[in-house]
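Asker: In this note's numbering, each residue carries its 1-based index in the sequence shown increased by 1.
Just to be clear, a hint being listed does not mean it is correct.
[Stated by the list, open to error] With a straight-line cut-off of 25 Å between C-alpha atoms, the simulated BS3-like cross-links for lysine-lysine are:
(1) Lys300 - Lys166
(2) Lys55 - Lys80
(3) Lys171 - Lys159
(4) Lys80 - Lys199
(5) Lys382 - Lys400
(6) Lys300 - Lys159
(7) Lys55 - Lys199
(8) Lys55 - Lys171
(9) Lys159 - Lys55
(10) Lys199 - Lys315
The set of hints was computed from the structure by calculation and includes no laboratory data. Keep in mind it's a predicted model, so treat the numbers as computed, not measured.
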Amino acid sequence: MSKHGACTLSLLRAERVETKRTLIRRMEYNRCAMSERPITSALQIRVAETEQEKRAVYRLRYDIYVEEMGRYQTVADHKNRMLYEDVDEQSRISYATLDGEVVATGRLTWGGDGPFPQRMIDQYSLAPFLAEIPREAMAVGERAMVRPHLRGSDVLLKMMTTGNKWLNEKRIQVIFGDCEPHLLNLYLSLGMRTYAEKNINSPEAGYLIPLVTVVEDVAYLRQINSPLASHRRDFGDDARIPDCIRRRIDDGSAVLSRLHTAPSFYWGEVQHALAELGANRISALDGFSEEEAARCLDKSSIIECEAGDRVLKKGGMARNLFVVLDGTLEVRDGDAVIAVLSPGDVFGEMAFLLERPRSRDVYAATDGVRILSLSEAQLRKMISSDPGIAAWLLLNISKMLCLRILEQR
């Protein structure tokens with residue numbers, strides 16, 4: 002009997018009782034993608050300077066990170082319902098209010114205010130860049146978040162554009178950050194770029210993709226039609242674009258995004274991996290032409306993982322669907338390996354289909370693992386906008402689930 006099949010069957014049969022809070026968290030998290038839906042002009046954006054302002058931001062972090070997402074349980078101030086960190090003391094914390102309520106926040110740690118904490122240097126691989134770029138020309142952006150009812154609005158975009166004047170005054174050249182795989186296309190569309198040879202394994206946040214913003218590269222923003230292009234100052238020939246950043250981006254990263262890759266090349270990467278499956282194997286993209294696959298793979302990414310990377314974290318709220326292209330992964334429940342995944346296998350399907358948090362951890366078991374990350378938002382959009390393609394994809398996934406169940410007999 003296949004352990005993976007047994008796991009799938011038991012999950013499908015299980016009657017799970019969810020608390021009201023969990024149900025609310027599921028529905029709210031599904032509205033996470035930012036769009037251009039405008040909000041009221043009553044939105045006010047400020048920098049938190051007083052202790053009262055900072056505490057209001059810390060409470061927002063607690064609401065979202067601790068209560069909604071179930072993170073930072075061991076370090077949060079549960080008594081006062083706040084989440085703060087030592088680095089907050091040296092950082093610029095912005096926040097937005099609407100009708101008197103704090104609805105969004107973000108933190109920028111600037112090298113001009115002092116050395117970057119070692120945690121940031123390690124997490125974002127800053128050492129090579131610090132050797133060539135003045136610390137005062139670098140920053141790290143973290144803890145960006147928006148209240149659930151405003152996700153899908155332009156709040157985050159407004160916060161980013163509001164800080165442009167300060168960035169230009171300080172002549173900050175690069176801002177480092179990261180995101181979860183399901184948010185990658187959102188940030189890439191704004192002008193951020195992947196740069197790292199390896200991704201980040203965060204005990205609390207899970208698997209993260211390192212990103213860099215080249216602040217004065219307005220030409221690039223225009224090239225990709227970023228909504229930030231019209232808000233950034235064009236320094237012309239005086240634009241400061243560090244050579245070390247150019248080199249790092251040109252060398253490639255651990256992520257290949259469909260957004261910035263020629264469709265034929267991207268499909269070739271996927272097709273080459275799946276073409277090596279045995280004749281009796283079904284893949285999620287069986288029967289797709291190149292044109293149909295291009296529609297299905299829109300806003301997807303190919304992510305390269307190293308052995309030991311935790312690609313999915315149990316309890317995670319994101320619901321992207323993944324297809325294994327190369328290498329081997331393990332589905333784990335604690336320390337127990339309950340299934341092994343190989344090229345062609347789909348994982349993350351339970352969270353996607355049932356709209357529930359991740360039920361198991363998934364780790365890369367070998368180096369050279371490559372996985373195809375399919376956007377949940379794009380797949381759900383296809384169900385109404387491109388039902389034929391969506392139906393064929395879901396039919397293939399259904400066949401794969403049936404085969405897992407049959408393996409038990």
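Asker: Now look at each hint and say whether the structure bears it out.
Answerer: Verification of the supplied hints:
Restraint check: the Cα-Cα separation between Lys300 and Lys166 comes to about 31 Å, which exceeds 25 Å; the hinted pair is violated. At most 25 Å may separate the alpha-carbon atoms for a hinted pair to count; Lys55 and Lys80 meet this at roughly 17 Å. A distance of roughly 20 Å separates the Cα atoms of Lys171 and Lys159; the hinted pair therefore holds under the 25 Å criterion. A distance of roughly 37 Å separates the Cα atoms of Lys80 and Lys199; the hinted pair therefore is violated under the 25 Å criterion.
For the hint pairing Lys382 with Lys400, the CA-to-CA distance comes to about 22 Å; that is within 25 Å, so the pair holds. Distance check on the hinted pair: Lys300 and Lys159 sit about 23 Å apart at the alpha-carbon level, within 25 Å; holds. A distance of roughly 33 Å separates the Cα atoms of Lys55 and Lys199; the hinted pair therefore is violated under the 25 Å criterion. Straight-line distance between C-alpha atoms of Lys55 and Lys171 comes to about 23 Å, which keeps the hinted pair within the 25 Å bound.
Among the hinted pairs, Lys159 with Lys55 is consistent with the structure: their alpha-carbon atoms are about 20 Å apart, no more than 25 Å. Proposed proximity of Lys199 and Lys315 is supported: the alpha carbons are some 21 Å apart, at most 25 Å.
In summary, the numbered hints that this structure violates are 1, 4, 7.
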